[in-house]
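**Q** Given next are the chains, with one letter for each unit.
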Amino acid sequence: MIGRIGLGRVIARNLSSTESGIAQKLTIQPAIERSPTELLNALSETVGPDTTAPHFAYIDDPITIPSTQTAKKTYFMAKEFGKRAARELATEWPTLFAFDRDQPRLPAFRPQHLADPLQVDPTEKSLLSIIESREVQDACILYERMRSENVDVSEKVQLELFRLVAYYNSSNVPFAEWESWAGMRNFGENDHSVWNSGGVADLLFETLPKTDETVSIMISGLCKFSDHSSMERARELYKEHRAAKGKIHREAFNGLIGSSSFSVARKLIQEMAAQKISPDVFTFNSLLTAATKAPKFEDRMKAYTEVIGEMKAIGVEPALSSYYIIIKNLVDSKLLDNEKRDNEEKNAAFKRQLTVAVSWLDEILNRISTSKLTPVTSSCNLFFAEAIGLLYRASNEKLAAKLLSIYESKSNGVKMPSFTIESIFYNRYLQLVIEQTASLNKIYDLYTSMVPRLVGVNNTLSSLIYRKISTSSDSHWPLLRRVIIDGITAGQISGVLGEEMRKKLSDVQLHALGTSEREQYTSLVQKLVAVWIEISQFTEEKMRRLQRKLSPSQISECALLLTRIGEQQKAYELLELLLDENASIGEEATVHPKGHARPWAMAELFEDALRQKDTFGAATCLQIMSLTANRTKLEPLANRIFEKCNVNPEQRRIIEGFVRLRPQ
Amino acid sequence: MLRNLCSVAVRLGSRRQQQLLSSTTSGGDDEGKRPKPKDVIDEDLLKAIDGVANNIHPQNGTEKKSLKNTLINRLVANEKASFDAASASASSEILDDQALIGLLADVAGDAKVERKIPPKSAQLRQEKRGLVLLRKEIFYQAVQSGFTTEEARVKSETIVNDAQQKLIEQRKALLNDVREKAEQEETEQTERSEKEQKLFATALEFMEKIYKDDIINSDARKPVLVDNDAVKLFQQRPLGVWKKNENYEDFSLGFWNKWDQRAAVIANGSFGPTNSFEEQIEWTSKGKQWEYPIDNEFKMGDEANVSFIDHVFLERHLPSLGIPKTGPIAHFMHLVCVGLSKNPYMTAAKKREHLKWFADYFNTEKQKLVHKLHEQEQIAAQNAL
Numbered sequence: 001m002i003g004r005i006g007l008g009r010v011i012a013r014n015l016s017s018t019e020s021g022i023a024q025k026l027t028i029q030p031a032i033e034r035s036p037t038e039l040l041n042a043l044s045e046t047v048g049p050d051t052t053a054p055h056f057a058y059i060d061d062p063i064t065i066p067s068t069q070t071a072k073k074t075y076f077m078a079k080e081f082g083k084r085a086a087r088e089l090a091t092e093w094p095t096l097f098a099f100d101r102d103q104p105r106l107p108a109f110r111p112q113h114l115a116d117p118l119q120v121d122p123t124e125k126s127l128l129s130i131i132e133s134r135e136v137q138d139a140c141i142l143y144e145r146m147r148s149e150n151v152d153v154s155e156k157v158q159l160e161l162f163r164l165v166a167y168y169n170s171s172n173v174p175f176a177e178w179e180s181w182a183g184m185r186n187f188g189e190n191d192h193s194v195w196n197s198g199g200v201a202d203l204l205f206e207t208l209p210k211t212d213e214t215v216s217i218m219i220s221g222l223c224k225f226s227d228h229s230s231m232e233r234a235r236e237l238y239k240e241h242r243a244a245k246g247k248i249h250r251e252a253f254n255g256l257i258g259s260s261s262f263s264v265a266r267k268l269i270q271e272m273a274a275q276k277i278s279p280d281v282f283t284f285n286s287l288l289t290a291a292t293k294a295p296k297f298e299d300r301m302k303a304y305t306e307v308i309g310e311m312k313a314i315g316v317e318p319a320l321s322s323y324y325i326i327i328k329n330l331v332d333s334k335l336l337d338n339e340k341r342d343n344e345e346k347n348a349a350f351k352r353q354l355t356v357a358v359s360w361l362d363e364i365l366n367r368i369s370t371s372k373l374t375p376v377t378s379s380c381n382l383f384f385a386e387a388i389g390l391l392y393r394a395s396n397e398k399l400a401a402k403l404l405s406i407y408e409s410k411s412n413g414v415k416m417p418s419f420t421i422e423s424i425f426y427n428r429y430l431q432l433v434i435e436q437t438a439s440l441n442k443i444y445d446l447y448t449s450m451v452p453r454l455v456g457v458n459n460t461l462s463s464l465i466y467r468k469i470s471t472s473s474d475s476h477w478p479l480l481r482r483v484i485i486d487g488i489t490a491g492q493i494s495g496v497l498g499e500e501m502r503k504k505l506s507d508v509q510l511h512a513l514g515t516s517e518r519e520q521y522t523s524l525v526q527k528l529v530a531v532w533i534e535i536s537q538f539t540e541e542k543m544r545r546l547q548r549k550l551s552p553s554q555i556s557e558c559a560l561l562l563t564r565i566g567e568q569q570k571a572y573e574l575l576e577l578l579l580d581e582n583a584s585i586g587e588e589a590t591v592h593p594k595g596h597a598r599p600w601a602m603a604e605l606f607e608d609a610l611r612q613k614d615t616f617g618a619a620t621c622l623q624i625m626s627l628t629a630n631r632t633k634l635e636p637l638a639n640r641i642f643e644k645c646n647v648n649p650e651q652r653r654i655i656e657g658f659v660r661l662r663p664q
Numbered sequence: 001m002l003r004n005l006c007s008v009a010v011r012l013g014s015r016r017q018q019q020l021l022s023s024t025t026s027g028g029d030d031e032g033k034r035p036k037p038k039d040v041i042d043e044d045l046l047k048a049i050d051g052v053a054n055n056i057h058p059q060n061g062t063e064k065k066s067l068k069n070t071l072i073n074r075l076v077a078n079e080k081a082s083f084d085a086a087s088a089s090a091s092s093e094i095l096d097d098q099a100l101i102g103l104l105a106d107v108a109g110d111a112k113v114e115r116k117i118p119p120k121s122a123q124l125r126q127e128k129r130g131l132v133l134l135r136k137e138i139f140y141q142a143v144q145s146g147f148t149t150e151e152a153r154v155k156s157e158t159i160v161n162d163a164q165q166k167l168i169e170q171r172k173a174l175l176n177d178v179r180e181k182a183e184q185e186e187t188e189q190t191e192r193s194e195k196e197q198k199l200f201a202t203a204l205e206f207m208e209k210i211y212k213d214d215i216i217n218s219d220a221r222k223p224v225l226v227d228n229d230a231v232k233l234f235q236q237r238p239l240g241v242w243k244k245n246e247n248y249e250d251f252s253l254g255f256w257n258k259w260d261q262r263a264a265v266i267a268n269g270s271f272g273p274t275n276s277f278e279e280q281i282e283w284t285s286k287g288k289q290w291e292y293p294i295d296n297e298f299k300m301g302d303e304a305n306v307s308f309i310d311h312v313f314l315e316r317h318l319p320s321l322g323i324p325k326t327g328p329i330a331h332f333m334h335l336v337c338v339g340l341s342k343n344p345y346m347t348a349a350k351k352r353e354h355l356k357w358f359a360d361y362f363n364t365e366k367q368k369l370v371h372k373l374h375e376q377e378q379i380a381a382q383n384a385l
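Chains A and B supply the protein sequences, listed in that same order.
Note that full-length UniProt numbering gives residue 99 to position 99 of the first sequence, counting from 1, and the numbers run on in steps of one.
Note that full-length UniProt numbering gives residue 107 to position 107 of the second sequence, counting from 1, and the numbers run on in steps of one.
These are calculated hints, taken from the structure and not from any lab test.
Owing to the predicted nature of the structure, the values given are computational and were not obtained by experimental measurement.
Errors might be hidden in some of the hints.
What the hints assert, rightly or not - Here are the simulated BS3-like pairs of lysine-lysine, each with C-alpha atoms no more than 27 angstroms apart in a straight line: (1) 65(B) to 594(A); (2) 346(A) to 244(B); (3) 232(B) to 267(A); (4) 245(A) to 243(B); (5) 415(A) to 68(B); (6) 527(A) to 504(A); (7) 312(A) to 243(B); (8) 244(B) to 398(A); (9) 312(A) to 244(B); (10) 232(B) to 398(A); (11) 302(A) to 232(B); (12) 79(A) to 288(B); (13) 633(A) to 644(A).
Just chain B, with the same shape it has in the complex (with noise of 0.2 angstroms):
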């Protein structure tokens, strides 16, 4: 325990050198050895603080004098700390300085602490200060954004003043408990290009949060309620043009409707399929599933329309192709016939065609051959005996 407080006692000692030494400069005393502003601070940072300035003092000479320096000295100490390095490189990827964006969260965290004690300079000054980082943050965003160093200065101030204009009517809402955020979306959206209008809700933000304490939580708004004494909108007297009793043309180009009701369909799609079965329905469609009800007859192609009898009852063919009705060829081919109609891989019409060739090849000739062949081997079976 006694180590550790020794060692808390050591670093005690050098944190308080720094803080002491920390505290002369933040007094302004030592003006000699600072950097001019102009060195540390781009112009148009500055400029955006001489904008500031006017804005707030438009009149009071020595107060914006010294809202100036303030916020100068300000900006000197934090370029100092976080910005020397992305100043030198300017690439983009420095420009989006995180520890900007934290320490704008921290001058938000400290400006909503010191409500307890609320000085009103001090948490004018906190807002101030809020507002230049906010300008240099925005200023930031909008060059990441694509939009030039010249476009980009003179979006943020806008923005930022547009946003603290806006803030400031919200404020003002809020108290009055009028408070219409979807309102603002839908002007904001007429009035500003998408990216202007990313860099305005990033502004309004960082804005709301700076001016946390104001922002009041107020009740639900006042819901507008339907008027039953309002003028109808279905019971009103019609254009009078058409006459209900007349008959009238259907004198369109066909084609164009058609197209327009394909592509409201087609906008009606969503974003395909919700469940499983609407997929297989696309598939289905696509023809890239089997059709229900699943069978092995699915795309047969010319089969589709060959009846079974073709296949299996094959002996009616054999009479007409002068094959004897009965003796050793007539029991052959009922054997041919047999094994064909059981052949799923073979197309009628080739099954008749073996028949065919078979009736062929048993011509007379043959079949008097086979006769003669099948008496003289009966006749060697019954000598056998």
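Excised from the complex, chain A in its bound form (with noise of 0.2 angstroms):
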């Protein structure tokens, strides 16, 4: 039927187009230009990111895919060392490259070696040319080599290599500013550096004329990399230059503004208004800083809505940093920790400031959420970390949701870098969900949409679901299972958190699960049981340092588990660790020596074998038990084995003759 609508339509525009076709003449449009990437953006904006399989730079063997933070970071690094040695070995040694005949010839394939400073031609050039390419270090060192062989170096030169000095303090650029290397620039830490007193940068402003521009570059790259003898040189320079009639650029006047108190930035900015200079979105970033120095609350919120109210007056609309700003600084600090809080005049102060923060989050969501946000500082994508930790502290779901499709949404350009700052994010936001929901259906859903992929699987997040799950009244075997599962990988099965999955497991009311749940379950348990012991018979000399001897009340855990799931062969071979001295003495111990079976869980075994008339099963209970139980508690029990279960007289003898030796 449609394809005949189809054929129909064709038809009839051809038609109309032969009969219209004498009258008008028909024009090919030419064809758009696209640049070698357009296709490409086109088809990645329409398929985006896989929602289903781990992060792209993981996508590799499965076993390999770390579910961690640790992990990711480990794997991450290992790959982007690999690919920089792989680089250094065919930049160093490019004849063992050599079959190289491709046309046409892919210079990105044949990376080569800096230009050495020490080796290089010493002309104006050379240092061009390392300027041109941010080597800092390296064009110092040609710079003081070229001053030391009496090589002239023009005023502009010497002005490109004091703009490069300034702006990164003559030092290399740092780790968040390297472009090709994300491992490095994510985790790489840099100091935080003060200026470089005496340095490449002091020496050519001194040579350099002192221009506006040249006091306004110094004064900059002071106040960038301030500390307090900085600082003074700065507001020092600054005053000089006025007095000599001199005019800084906004740069210096930004610098200046961050790094004093609100009421002298005030009359920083009196003063370039007064000079007519324009103020850009940094400006108001550094009033927002310097109004974050006020120390009450009320100063600082008036500051704050004077700035964004000038912003909204002239038209420079606040960039995620500026909000940034003032959602970390609006709170007292003092405030946020729970023990400063220690009466109920800071609890109400506390309450009333979050609420504040609170309201106008609401306002900036509401703001930013229909316009397109691209990144304008370094800091930007801070603010979505900011934001949800307030909406953490204000346990406000609805807000940190909206929040959180933001964020996601396709008019923001701003990210947070995936393993680190949006892991946190995202970790909170689900954390949130979790304490604040009763519905375990919905938090299955988020977690098994969030875990691992966008949040590491780890200690906290896992305690916290084991929690909800034993605090609420509904079981949830597909959410437990995948937290054991996610908590395998993770290596907690060791730890205070394997014993809380074995206590989980044993609150599985198993006739509750369907046939296919009940396997699962069988599964898992076989699984755990068997890295478990697997685990603990690491007694070789290289392994040891992974072992995790088992521990009495683990072994009586796992027994009740094996017996569950109908193994409970297995569960008395694991029961008779126990009454094994060997087992826990001596190099090759894998039992821990300390400790008591669970006494819960060794009525259960007993009544089990009891109930199986399982004569030796009880009778092996009955002595861990005896471990910690004197004669009075032993009777019962035994008496209970002479009633249930088929015991010979010889059997009945032992047994008493047992409980009778021992202690009252």
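Got two chains here, separate frames each, mind docking them using the hints?
**A** This is how it looks when you write it as structure tokens:
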């Protein structure tokens, strides 16, 4: 039907074009010029990231897919360092890669060493090319070499170098600005550096004439890498230059404003306005930073509203980083600590401040939800992390969901680094929802959509879910199973959470599970017990570091789980370990000598053995229980064995004798 | 079955003796045979025990003493069992004795089990025992994290005390239903260095385990909602420094702003491509992949500016080169042009050079010679008929 309509349309169109063809001239539109990546961009935007797979960087052999934050970092860095090593090899020994007859010849596959500042010709051209490649320290070395060899450097080149060294404080480009190595960019840590006094920047500043530009660059550099003395110097320079009727640039003003108190900052912006210099978003960010120094909440609030009002009045759109500064510093930092809020008054103040912060955040979210978000400053992406932190503190799930939808919307071009800040963001959101919601189904859906792709499996999250499961009146096998499986991959099984796993598994009502679920339960228990036993058997010298001996409580719980899935034989083999002295002594020990079997687990095992009329099982349980119980407690148990099981007189005599020999 | 029972009975007998022995030891009757606490427990730990005792019973001297004795007895037993080897060779690997962690877990487990029969003193003892072990654990972990022994000792005490304080506060907070984990994290982060923070977290985790009984699963915290009457952020008076109608100069350093922008874009780059198209975009921009749309003219160099006309239509050059329009040479040159026009490996300039060479070769003398030879051939052919 549709095909016929379609065909009809085509024919009709052809006819009409033939009829009107005589009157109208057919024009072929010229092809639209597309850049080489436009097609790929369009495809990428349509397809987006695969939400059913791990991050693209980890798509590889499934066994290597990392699930915790640490494993993600290790994997990513290992990959990146591998690439860097390969590139270094290709640079160092290009002849080993001489089979290069590709046409066209692609220089990207033939990495070159950077020019050595001690080897290159000491010319301005070499210096400029090093400056161009942002090799700050190399440029400094070459400049100093040229000076020592009395090679003249023109003022223009000196100015270029001065810009570079002032912006980067005579040090190499920080990790945060490494373009091609994402791992180092996000995981690398630079010390917060202070102004390198007496460095090449200072030398160049003395050499170059004191123009508006050079003084502004110097002040900006001193403010960017500020400590007490560099700030003093910057202010001094500003005063001197103003006295000499000079005028400094906006960036220098921004630096000075950001490191002053709000009252001084106000004076500075008045001077800016008097000199007819227009502000930009960085100026207002500096002003907001200055406002954060006000100790009183009311003063800060007033300052923030005034600054935002000013931005609105002159039509400068606040960046996300502007909101970040406000959100981060609005509530008194002293009140954030539970312990420090030791009286009612402080609690009330905290609540009041938090309410204002949440209300403002709501206003901000309303405002940004309609606009396209682009990165303006380096700290723009921190807004989302800070906002979710605030909403977590305020336990406001509704606003958190709104924040999340803005972050994930297509109009948002500001993304947090995936495995560091973004992971914290999602983790906070997930924890907030888990805390606030009562529905295990909702938790399950959210958990499976976020862990481990966005949020690494972590102990806090797992224990939160275990706690939620135990407080909930419902049971949710898929959620429990998923958390335990994630826990296995994240190496949680040998710690406190391993105990939690056993507890939760023994709490599961097997009869309430479906057939396939029961199979899942069985295989999960088998897997866990097998792993625990295997880890306990790492008794060889080189493996002992990884060994986790079985504790008696663990053995009793495992045995209980095994009987639940019908593996009585294995369970009693395990329980035998508790009675085998050699198992806990010497280098080959697999059982921890301290601790006791869990009484509740043993009681259930005992009951189970009685139900099965298993004299051997019941006797083993009795023997294990005798390690912690006295004769009075054991006698009724022995009597129950006689009642339930088919005990012959000799066996009866042995058991009675055994119980009699126990201490009172 | 009987065999089993008998074997059980034999084992039971031997176990019983051991039980009796151990019970006498723990009863503390046999003081003389036991090693002195100082021989077994290191000084740090003894100090730590002092600290605990002081903390718990600052006034009551007898209680302090009895607590100290209990702790020391416990620790001596523990040391005997599992830490002899560890203290003998003080290598860091042995220091990280997993047995201790297992023991801690057990202690914690015991503490939990004993909830059902809660004699207050026993519970208190369990907690104290846990604390001492915890101090030791933190001490070892601190040593492993690179602190010196002295630092580690101080750290272990302060951290465990802090954690204890924190937990007491936390329990209070829980009872009041105002527990806020996020806040703790925030303040802790500012107060402690990363290393210390890690140790603190471990301490708190163990503490929570030890005091687990008291941690009540509080209901969800009450949300702080938006207050519509609160001061609005966007509807306040401006500073009034810059006026909208006045003209201001964009007096900027330029490069500074541009580099800040560059840093902002890089900082926003996350962890590289998130799907294979983004990866291809990255390869394209780095010059590792042929650009779309794919054709065979990618990076052709100078030839990219040469039209196919110059490559294919070569006969138009012949008249200017003085090649005759008819005859065998013309015919031959026509074939040369066809051959060259089909050659994709030769530049247009090279092709023209070829033609020029042929033109030079077929100079007037050669033309005459060829003409003569051609005529002779034709005559010979006619005669042959």
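**Q** Work down the list of hints and note, for each, if the structure agrees.
**A** Evaluated hints:
1. 65(B) to 594(A): The given pair, whose Cα atoms are some 26 angstroms apart, holds under the 27 angstroms limit.
2. 346(A) to 244(B): 42 angstroms, violated
3. 232(B) to 267(A): Within the cut-off at roughly 26 angstroms; holds.
4. 245(A) to 243(B): Between residue 245(A) and residue 243(B) the Cα gap is close to 24 angstroms, so the pair holds against 27 angstroms.
5. 415(A) to 68(B): 56 angstroms, violated
6. 527(A) to 504(A): Within the cut-off at roughly 16 angstroms; holds.
7. 312(A) to 243(B): 11 angstroms, holds
8. 244(B) to 398(A): 38 angstroms, violated
9. 312(A) to 244(B): 10 angstroms, holds
10. 232(B) to 398(A): Since the Cα atoms of residue 232(B) and residue 398(A) sit roughly 20 angstroms apart, the hinted pair holds (cutoff 27 angstroms).
11. 302(A) to 232(B): 11 angstroms, holds
12. 79(A) to 288(B): OK: residue 79(A) and residue 288(B) at ~19 angstroms, within 27 angstroms.
13. 633(A) to 644(A): 18 angstroms, holds
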